[in-house]
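**Student:** As a plain string of letters, each chain reads:
Protein chains: 2
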Amino acid sequence: MNDNRAFMAPVPLEKAYRLINHGPTVLVSARHDGVENVMAAAWACGLDFAPPKVTVVIDKIARTRELLERSGTFVLQVPTVAQREMTYQLGTLSLHNEPEKLQRAGAELLEMEGVDAPLVAGCSAWLACKLIPEPHNQQQYDLFIGEVTAAWADTRVFREGRWRFEDAPAELRSLHHVAGGHFYAIGEAFARPDSDI
Amino acid sequence: MNDNRAFMAPVPLEKAYRLINHGPTVLVSARHDGVENVMAAAWACGLDFAPPKVTVVIDKIARTRELLERSGTFVLQVPTVAQREMTYQLGTLSLHNEPEKLQRAGAELLEMEGVDAPLVAGCSAWLACKLIPEPHNQQQYDLFIGEVTAAWADTRVFREGRWRFEDAPAELRSLHHVAGGHFYAIGEAFARPDSDI
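Chains as they are written, first to last, in UniProt numbering: chain W, 1 to 197; chain X, 1 to 197.
Simulated from the structure, these hints should not be mistaken for lab results. You may find that some hints are simply not true.
Derived lysine to aspartate or glutamate pairs resembling EDC-like cross-links, with alpha carbons at most 20 Å apart [claimed, not checked]:
{"hint": "1", "chain 1": "X", "residue 1": "LYS130", "chain 2": "X", "residue 2": "GLU111"}
{"hint": "2", "chain 1": "W", "residue 1": "LYS15", "chain 2": "X", "residue 2": "ASP59"}
{"hint": "3", "chain 1": "W", "residue 1": "LYS60", "chain 2": "W", "residue 2": "ASP48"}
{"hint": "4", "chain 1": "W", "residue 1": "LYS15", "chain 2": "W", "residue 2": "GLU36"}
{"hint": "5", "chain 1": "X", "residue 1": "LYS130", "chain 2": "X", "residue 2": "ASP33"}
{"hint": "6", "chain 1": "X", "residue 1": "LYS130", "chain 2": "X", "residue 2": "ASP59"}
{"hint": "7", "chain 1": "X", "residue 1": "LYS60", "chain 2": "X", "residue 2": "ASP142"}
{"hint": "8", "chain 1": "W", "residue 1": "LYS130", "chain 2": "W", "residue 2": "ASP59"}
{"hint": "9", "chain 1": "X", "residue 1": "LYS60", "chain 2": "W", "residue 2": "ASP48"}
{"hint": "10", "chain 1": "X", "residue 1": "LYS15", "chain 2": "W", "residue 2": "ASP59"}
{"hint": "11", "chain 1": "X", "residue 1": "LYS60", "chain 2": "X", "residue 2": "ASP48"}
{"hint": "12", "chain 1": "W", "residue 1": "LYS60", "chain 2": "X", "residue 2": "ASP59"}
Excised from the complex, chain W in its bound form:
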């Protein structure tokens, strides 16, 4: 069951970078003119703290790219170990030739007020982003920049400003793709003795 809306809580914008600072594979979702899509992306990264910004690399063949270019809005979300087959399918199937891609992959969407893009239910964190148009980066490098306008996390696994993987069910851990469907989950925590977060 993917519906974890009951555990979803806002994350303050100044802490939003922490949701992807550890390098998880993400899902990118967007909507334009009634068409919704979700794709997997391993190349997503923090870019700034305040206001928080992110980068994500999206190939020209991706239908999601066209949607976010037109709407100017996208969501990055952090899928879980429980969603690894869905994540793989969202990274492999194409809406161009699979109109039922989202259903086939098992992706359930949800809406948040003020965000003109769908969110994927069951993820551990969500970053709603406004596209900062940079045509040269987009055309030359397939590189997109977004400013984070709102963020949420599943409080079972991220609360009080940081991940709590070590106290949560293993199936909520983040995924880190290497290649060809070979993933790692995030692992053991190490905090410095004087760590203040």
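Guided by the hints, dock chain X onto chain W, whose structure is given.
**Tutor:** Leaving out everything else, chain X in the frame of chain W:
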């Protein structure tokens, strides 16, 4: 003991993206005019497969930034769990006011022929990069793009084109920084039944 040169083997360029695809925190090293420095960076990411390219975000206060801007060369390397205190110190101390930064952090450097930047001994992987100058990205976003010109990995933990964390000592696992000295190590492996890597 950081010296793992005996385990260091070249990685084919077409597989080099896999060295950072799982989102590790990296060390960035550079040299110019006899000055060498190393810094930690959580915001490093793949950008392209062939030729392999990477992005890395480097603040204007970082001395390493000036070195790589002038030399046009830098190395991204993947530090290990055994190096987490060194990684933290390399991310915290500044060469501007700590001339002995590298010694204080415990970083040992090594040289590879053809690379005009030092490598950090004891890491699990190294990507030598040629800066692709993009002044707007560098000035506006602190975002640097590099083309990978050579790569190496410690064969105990990366061989035959992919990470083998699950078969290696835990101290060789990659680090994934959240904030303030709070790290995760990479964890459990999940391969799809038909994965061919």
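**Student:** Hint by hint, say whether it matches the structure.
**Tutor:** Here's how the hints hold up against the structure:
1. Pair hint LYS130(X) plus GLU111(X) holds up; C-alpha atoms about 16 Å apart against a cutoff of 20 Å.
2. Restraint check for LYS15(W) and ASP59(X): the C-alpha separation of about 18 Å stays at or below 20 Å, so the hint holds.
3. Only pairs whose Cα atoms come within 20 Å are accepted, and LYS60(W) paired with ASP48(W) is rejected, the gap being roughly 25 Å.
4. Taken as a hint, the LYS15(W) and GLU36(W) pair is broken in the structure, with Cα atoms around 28 Å apart against an allowance of 20 Å.
5. About 17 Å separates the Cα atoms of LYS130(X) and ASP33(X), which keeps this hinted pair within 20 Å; it holds.
6. Simply put, LYS130(X) and ASP59(X) have alpha-carbon atoms about 19 Å apart, close enough for the 20 Å limit, and the pair holds.
7. About 7 Å separates the Cα atoms of LYS60(X) and ASP142(X), which keeps this hinted pair within 20 Å; it holds.
8. Between the alpha carbons of LYS130(W) and ASP59(W) the distance comes to roughly 19 Å, so the proposed pair stays at or under 20 Å and holds.
9. Distance hint between LYS60(X) and ASP48(W) is fulfilled; the C-alpha atoms sit about 12 Å from each other, no more than 20 Å.
10. Restraint check: the Cα-Cα separation between LYS15(X) and ASP59(W) comes to about 19 Å, which is no more than 20 Å; the hinted pair holds.
11. Of the supplied pair hints, the one linking LYS60(X) and ASP48(X) is violated, its CA atoms being roughly 25 Å apart against a limit of 20 Å.
12. Simply put, LYS60(W) and ASP59(X) have alpha-carbon atoms about 30 Å apart, too far for the 20 Å limit, and the pair is violated.
When held up to the earlier numbered hints, the structure conflicts with 3, 4, 11, 12 and fits the remainder.
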